[in-house]
Amino acid sequence: MPSQLLAALAALTPQDLLRRRGAVAQLVQDDGIAVGPDGPDGPHPLRLDPLPLVIPAADWALLEAALAQRAELLDLLLADIYGERRLIDGGVLPAEIIIGHPQFVAQADGISTRHRLVLTAADLGRDEAGEWRLLADRTQAPVGAGYAMATRRVTARALAAVHRETDLRRLREFFDAMRIALQESASETSDLAHVAILTDPEGGETGFDEALTATLLGFPIVHAEDLSLDGGRAWLRTTDRPEPIDVIVRRVNGGRADPLDLTGGPGGGVPGLVEATRRGVVTVVNPIGAGVLENPALAAYLPAISRALLDQDPLLPAARTWWCGDAESLRYVGAHLEDLQLAPISPAPDNPRVFVAGLTAAERAELWTRVQAQPWAWAASEVLPPWMNDVVTPDGLSPRASVLRTFTVAGSGSPVVLPGGLARLATEAGDRRVPGLRDAIAKDVWVVGEGPGPRASGATPAEPMITGSHGRVASVPLPPRAADDLYWFGRYAERAESTARLIMVADDLVEDHVRRPGTPGYEAMQVLLDAIDGVTVVHRDRPSRRDAAPRQQADRPSAPLAHLHTLTFDGARSGTVRYSARRAARAAGQVRQVLSLDTWIVLSRLERTLTTPIDPSEQLQSVLARTIESFLALSGIAAEGMIRDASWAFFDAGRRVERAQETVRLLRHALGEPHARRVDTLVLDAVLRSRESLISHRRRVAERHPADTRLAIALDLLLTDASNPRALTYQLTQLVADVGTVKTPVREALSAATTVLDGGDIVALARDREQLTAWLRELESSVRAVSKALDTTTLRHRSPGLAFEEPR
1 MPSQLLAALA ALTPQDLLRR RGAVAQLVQD DGIAVGPDGP DGPHPLRLDP
51 LPLVIPAADW ALLEAALAQR AELLDLLLAD IYGERRLIDG GVLPAEIIIG
101 HPQFVAQADG ISTRHRLVLT AADLGRDEAG EWRLLADRTQ APVGAGYAMA
151 TRRVTARALA AVHRETDLRR LREFFDAMRI ALQESASETS DLAHVAILTD
201 PEGGETGFDE ALTATLLGFP IVHAEDLSLD GGRAWLRTTD RPEPIDVIVR
251 RVNGGRADPL DLTGGPGGGV PGLVEATRRG VVTVVNPIGA GVLENPALAA
301 YLPAISRALL DQDPLLPAAR TWWCGDAESL RYVGAHLEDL QLAPISPAPD
351 NPRVFVAGLT AAERAELWTR VQAQPWAWAA SEVLPPWMND VVTPDGLSPR
401 ASVLRTFTVA GSGSPVVLPG GLARLATEAG DRRVPGLRDA IAKDVWVVGE
451 GPGPRASGAT PAEPMITGSH GRVASVPLPP RAADDLYWFG RYAERAESTA
501 RLIMVADDLV EDHVRRPGTP GYEAMQVLLD AIDGVTVVHR DRPSRRDAAP
551 RQQADRPSAP LAHLHTLTFD GARSGTVRYS ARRAARAAGQ VRQVLSLDTW
601 IVLSRLERTL TTPIDPSEQL QSVLARTIES FLALSGIAAE GMIRDASWAF
651 FDAGRRVERA QETVRLLRHA LGEPHARRVD TLVLDAVLRS RESLISHRRR
701 VAERHPADTR LAIALDLLLT DASNPRALTY QLTQLVADVG TVKTPVREAL
751 SAATTVLDGG DIVALARDRE QLTAWLRELE SSVRAVSKAL DTTTLRHRSP
801 GLAFEEPR
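The numbers in the numbering used here rise by one with no breaks, and the one at position 655 of the sequence shown is 655.
Everything hinted at is true.
The calculated lysine to aspartate or glutamate pairs, modelled on DMTMM-like cross-linking and capped at a C-alpha distance of 25 Å, are:
hint	residue 1	residue 2
1	K788	D645
2	K788	D240
3	K788	D758
4	K788	E778
No lab work stands behind these hints: they were computed from the structure.
Being a predicted model, the structure only gives us computed values, none of them experimental.
Assemble the whole structure, with the sequences as input and the hints as a guide.
What follows is the structure in structure tokens.
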């Protein structure tokens, strides 16, 4: 480690390190860096240590060359396995290791795979002498490069001064090289290759990694339902017209990539993809069947394979390995069982690698029985000493077992290795096993010194854009599923903000009037609380009118306040602010690649606001104010940061549909029945305040003829005034602009809603509450029809587990 960097890190006191650990945790939350799918308690934030793992330039140069060689070797090996199979025919490689591996895809036999192993990853450790040793290859759908970039961004901010003064290899060029390599891998079907990243619709551990990688590359994320094969091309369904796809970056299991030709089970697959790949219609990266290279038994034969394919010895040695299908190797393993690690040739969470020394005698006997029953399905390797690196704890620095994952991208030029990678460390001191990223501590990896690193083929990064009409550059196409997520992101964000505004107004009325039963203010408070119940469908507990004692209990001053707290903080009940905010965040997480990075700072702040406990007797106003500020920030980020393409259109459409429905529903529930004049005045003012229209209303009341009632002016302002951004007519006009190119039923539904709105005589309806209520019901139904038309014609692909709900 360079002395200057060593001195800078050594100067950090234990208190400094703990502060930076807290800062890192906050930044991880702000950036929304999560591991695994969103669970009941929200996403699982990445655990990141503030101290980077530092690798000197000279050390890295040797490792970089070894990783580049390994990427080339694995590419040649994959081509031979699905091609001529000279290694098997020549006795260099036992056939059982390949044919018996679950990730060997016989249907891919004969498909050209040379130079298609674009991305590889390797898990590394160090031996007792400090030399790098290979632990495992990752070729199926290597994940983690996005996390490496995310951890770099966080660590660079947490250690800003140190990072700024360090001669550090940067990561950006690796993603430029990846973009070039992916576009170069396309068949010669178009001048500019169109690339899409195919992910699993069921989600998993890799959602954040895929989204950030897609953001860095500029390619769309798609699911199998978004793709089709027709007319000799692969096509991406979009909200406009189908777009051709030349390269599919596969982030789904190879056995499930094609439900027509493969038998790996449903989910994530494109029917006919194997045959399309064989015919050169589309390139799949990494190729279907590449998972066979993750077989740990291959390590026993890779030195011979390397000499056969490259005429070189491997520069990166692996732990000494024995394939149990070889009789001599099986005898050795049986004689040294307690000193070894055993692994199935296809490790899985339910069938993992095993440190035999950690087993009981009975467990060892059971394991050895399994190995002897199917020796060809097992490999054994020597146990390397754990590679230890320090993490920051409240008790100081603590050494933990570590694994480094590196990433290499291969194109037409020399392979490019990400300078550094992603380190995983055990969470418990003394644990030899390093868990997966969800249960591990991560570290940024700094490669220090000697310039910015190589470029891929010396090429200028190509831009992954699609040329539109009139020579313009069109935006990345938007699949209907992504449009659906953006639409519901807008809807839930608007719903949460609207509810927060209503609660803020109701809280004022409760504070002023809850202890004054029998007054107009108290009655107005009850009317507004009932209206909020109707809008949110989160009802207060209401005892029987015949039971006086419980009724008195329900009317005690704390009951309305407790209900407002429930409406704000209860994340389990549909209709509350927190519930809607969480659903907005989940929908946004599905389309992270099209949203500003600032979005996650705001959503993180919002989550903290709504999960920080406060006593029910405390004021809600400050919490609600911060909540509304967050939603205003989201609106500003979208308004000033989103290109006015389909992404913006569907996000804005969601907001407009929700605002339209919320406004009409509130008017119906709050103003549908007449009350005493003073009560009506207080309720009307509360409704106008919640719609940000009270000041405008007061000015118009002062300017209008006395014949115009206050209610008529309010209805005009909130429904038919095209200059008011909160008015229904404004929402319908914006919806026409947002979805002007979508299917005819949507345009017809918008036209029908406008007809209902235009047909209402506001002044007459203001004098007849029964007619007003009936008209508002019709109006609400017509607005809901717009949402239904969108849903059935354009947004039909719902994200798993989001369970979006229309207001009732």
